[in-house]
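**Q** Residues in the sequence shown are numbered consecutively from 1, following full-length UniProt numbering.
Among the hints, erroneous ones may be present.
[Unchecked claim] Label-pair distances were calculated between CB atoms; the ranges are:
id : residue 1 : residue 2 : range
1  : 483       : 573       : 48 to 58 Å
2  : 245       : 329       : 26 to 36 Å
3  : 319       : 520       : 26 to 36 Å
4  : 314       : 338       : 33 to 43 Å
5  : 452       : 314       : 45 to 55 Å
[To be verified] Below, in silico cross-link-like pairs of lysine-lysine (DSSO-like), each with a Cα-Cα straight-line distance of 30 Å or less:
id : residue 1 : residue 2
6  : 419       : 41
7  : 251       : 419
8  : 251       : 266
Treat the hints as calculated values from the structure; they're not laboratory data. Computed from a predicted structure; not experimentally measured. Idealized CB from N, CA, C, for every residue including glycine.
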Amino acid sequence: MDPFVFDQRFARFVGQVGTAAASKGTELYDSGAVRVDALGKGRIRGSVHEKREGSFQVTLTANDDGGLSGSCSCPEFFNCAHAYALARAARERIVGAGSGASRKGAEPEKSLESKEWERIWKLSKGSGHLLYPKDLYKLVSDRRSLGVSGREPIRALKRALQKENPQSVEAFAEVVVDYFEFKGIGYHESYRVERSSSGSSGGFEEETKEGRNWDRPALKLRARIRLEESADRDWFQASAVWEIEGGGFSKEDIEKLREAGGGMVKLGDKGWFRLGSKLPENESRALSSLGLDPDRGNAQRVHLCQVEDLLPKEMLEEKAWSEVKRKAERLREIGEPEVPAELRKVLRPYQVAGFRYLARLSELGLGGVLADDMGLGKTLQTLAWMLWLSRQKGVGFRALVICPKSVCDNWVQEPGKFKTGLRAKRFRNVDDDWGGANIVVANYAQLRIRSDYFLGEDWDAVVLDEAQYIKSPTSQTSKVAYKLKGSHRIALTGTPIENSLTDLWSIMRFAMPRLFGPLASFKANYEGGERAERLGDLRKRMRPFLLRRLKLEVAKELPERIEEELYCELEGEQRSRYEASLAEARQLLKGAKRGAGNGAFNVLQALLRLRQICCDLRLVDEDEEGESAKMQAMLDLVEPLVEEGHRVLVFSQFVKLLEIAERTLSSKKIKYLKLTGQTGNRGELVKRFQSEDAEEQVFLLSLKAAGSGLTLTAASYVVLLDPWWNPAVEAQAIDRAHRIGQRNQVIAYRILTKDTVEEKIRKIQKEKAELAAALFGEGAVDAKVSLEELEEVLG
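Throw the hints in and build the complete structure from the sequences for me.
**A** Right, here's the structure in full:
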């Protein structure tokens with residue numbers, strides 16, 4: 001990378017990085033924590049090591065606006081302190097110590113003092129257009145430019161500019177014009193030099209008048225996408241290259257033109273040229289949507305059904321576009337998959353569409369995600385697909401369903417309930433006698449523990465129900481799921497994103513293993529920068545492989561769902577304990593911000609204690625007696641509902657709080673059922689609560705154990721005893737009642753304590769609504785808690 005051009009890019013980059021990031025980056029650079037691994041023409045790679053946090057991988061990319069963009073493996077990701085530190089180190093390598101970028105301990109070279117001279121300094125003694133001293137100063141302060149090939153006339157420029165009234169300096173035309181005017185400053189009409197009267201500067205006239213082609217229009221940069229058919233049916237390898245409109249320029253020519261940032265460049269015998277405006281917007285967006293970078297030369301897998309959505313016709317060669325159209329027409333000629341006769345009267349119209357979506361994916365040899373809103377019958381749609389698939393396969397069809405423990409019984413019962421002819425059996429042991437069962441049902445813990453068995457089988461179909469269980473790519477469960485061998489893979493989830501885009505990547509990694517490539521490149525493509533645009537690109541790219549419908553769109557007959565917030569106040573000992581613990585948590589937060597000890601962990605523990613105190617003092621002190629404000633509020637709400645004959649679901653993330661609720665309900669002789677992670681007979685309890693003659697009108701449920709997969713439409717009221725960071729988890733809990741089969745309006749109550757962390761957690765929940773809204777058009781999700789959010793909660 002040209003030293004002066006990089007120095008200009010660095011100056012722009014400094015203006016884009018925040019003060020805090022620049023300050024920390026300087027400290028990291030000065031401490032020697034930076035390693036530069038590769039200096040490319042448009043990309044710089046390196047790493048930055050922090051003692052407590054470890055090493056972070058950083059990439060700097062030259063962007064089209066003449067600056068730099070920094071991406072990093074740290075949580076901040078974009079233009080962070082690590083990116084700034086690498087930029088400083090790269091500047092030292094490229095520009096040299098004379099730039100003033102040398103590390104502490106090195107003797108910096110004395111730099112020139114920049115002055116705004118009133119007098120204009122001429123480049124030569126003859127007549128001609130002029131250069132302003134401040135522009136020349138930028139150039140001569142570059143150590144390398146001062147000593148190009150050791151030419152004395154260049155050093156003379158430095159001496160001239162050190163004077164109060166600089167004088168003309170003789171310089172060889174090839175040095176001054178080629179390096180300073182065009183490589184350094186960039187082309188501009190006012191910088192043009194026509195003639196020198198000095199014999200020692202011979203060649204000026206010839207260079208400027210005959211070789212520069214001043215009136216030639218700027219060249220137009222274009223991106224072209226090349227498609228190569230892969231071994232897999234209807235898949236292509238897409239890569240991108242730079243081209244100049246009209247052709248005639250080599251890859252090396254284009255690299256020189258782009259590096260000049262709009263300046264004039266001499267391209268051998270072809271003459272002098274410059275690039276004009278940026279890449280056209282539609283081509284830039286197409287590259288972004290696919291995650292393609294012509295500088296890196298990377299490739300992405302693209303399916304035929306994605307091409308027309310993602311790629312403008314003009315970016316492809318005519319031959320490639322014709323082939324795409326031919327194959328696309330063949331796909332359109334495939335008839336609609338026929339709904340199995342056993343389920344034609346059962347499936348609703350949107351469920352028929354869901355079945356056909358899954359069947360069409362199978363016909364194309366693809367996997368996918370059915371991400372319908374909770375309660376729309378994903379299980380039934382999947383059973384219809386399995387029945388259709390079993391008839392395509394014929395004898396010996398065998399499918400694997402992995403699901404939460406709480407819904408295993410449901411999966412076992414559903415095939416028989418709808419008389420599909422399929423038989424499902426729950427996995428107990430590898431030595432089980434399957435007795436002709438078509439569907440093996442296992443939970444996620446069994447998948448992890450008995451991975452040797454599941455990975456050793458070749459399945460005709462593999463289904464992950466509540467697929468958000470594999471949202472963490474580093475978990476052992478996720479790693480096993482990725483390796484399952486299935487001819488057809490389908491993921492089911494009502495919440496494809498719970499924490500971040502990584503959740504979606506992980507689910508897609510199972511359903512469509514090579515769609516998005518490595519996680520690092522996926523995050524680099526779709527996180528940071530222009531968030532809304534990037535998420536729009538991602539939505540386009542995954543559209544053929546993810547189907548999501550909301551209740552409001554397809555189940556308009558479903559009764560209304562209302563959510564309300566009920567506030568109660570802490571009093572007496574409960575308030576005193578809360579205030580004391582809050583003061584302690586704030587002190588821990590101060591220590592965490594200074595980087596003391598286990599900072600963030602200790603703050604989270606203190607926050608957990610505050611949340612428990614808000615619920616009931618007995619969660620932190622078993623010797624406490626008496627009802628808490630929240631238990632009393634629950635009782636005031638539930639008791640009249642039960643008297644009126646309603647059924648109520650009560651959720652909490654604290655199992656111990658459910659035990660306290662048991663005692664509270666028992667004291668009023670209110671009959672109840674309870675389901676937690678330790679409950680063995682879950683299916684029986686659900687069936688009992690759903691029966692018309694059930695005596696128990698209240699169902700106490702653990703948020704984690706029962707928050708997904710269960711159908712509890714007998715209840716029309718839901719009570720959430722304590723708030724959770726992630727609103728999607730709470731939405732899942734409410735949807736146990738608000739789902740297909742519900743005939744009554746569903747009302748959900750959140751019981752919150754006033755003027756406490758619960759109020760602030762609820763506020764943060766509402767603020768975490770951007771990501772899923774951008775991708776799926778609904779409320780969102782990011783359960784990760786930052787130090788800044790902790791400060792907001794405890795403030």
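**Q** Evaluate each hint against the coordinates.
**A** Against the structure, the hints come out as follows:
1. 483 - 573: 48 to 58 Å: holds, 54 Å
2. 245 - 329: 26 to 36 Å: holds, 31 Å
3. 319 - 520: 26 to 36 Å: With a Cβ separation near 34 Å, residue 319 and residue 520 satisfy 26 to 36 Å, so the hint holds.
4. 314 - 338: 33 to 43 Å: holds, 40 Å
5. 452 - 314: 45 to 55 Å: For residue 452 and residue 314 the Cβ distance comes to about 52 Å; the hint holds.
6. 419 - 41: Violated, at about 65 Å.
7. 251 - 419: With Cα atoms ~64 Å apart, residue 251 and residue 419 exceed 30 Å; violated.
8. 251 - 266: With a Cα-Cα distance of about 15 Å, the restraint between residue 251 and residue 266 holds, given a limit of 30 Å.
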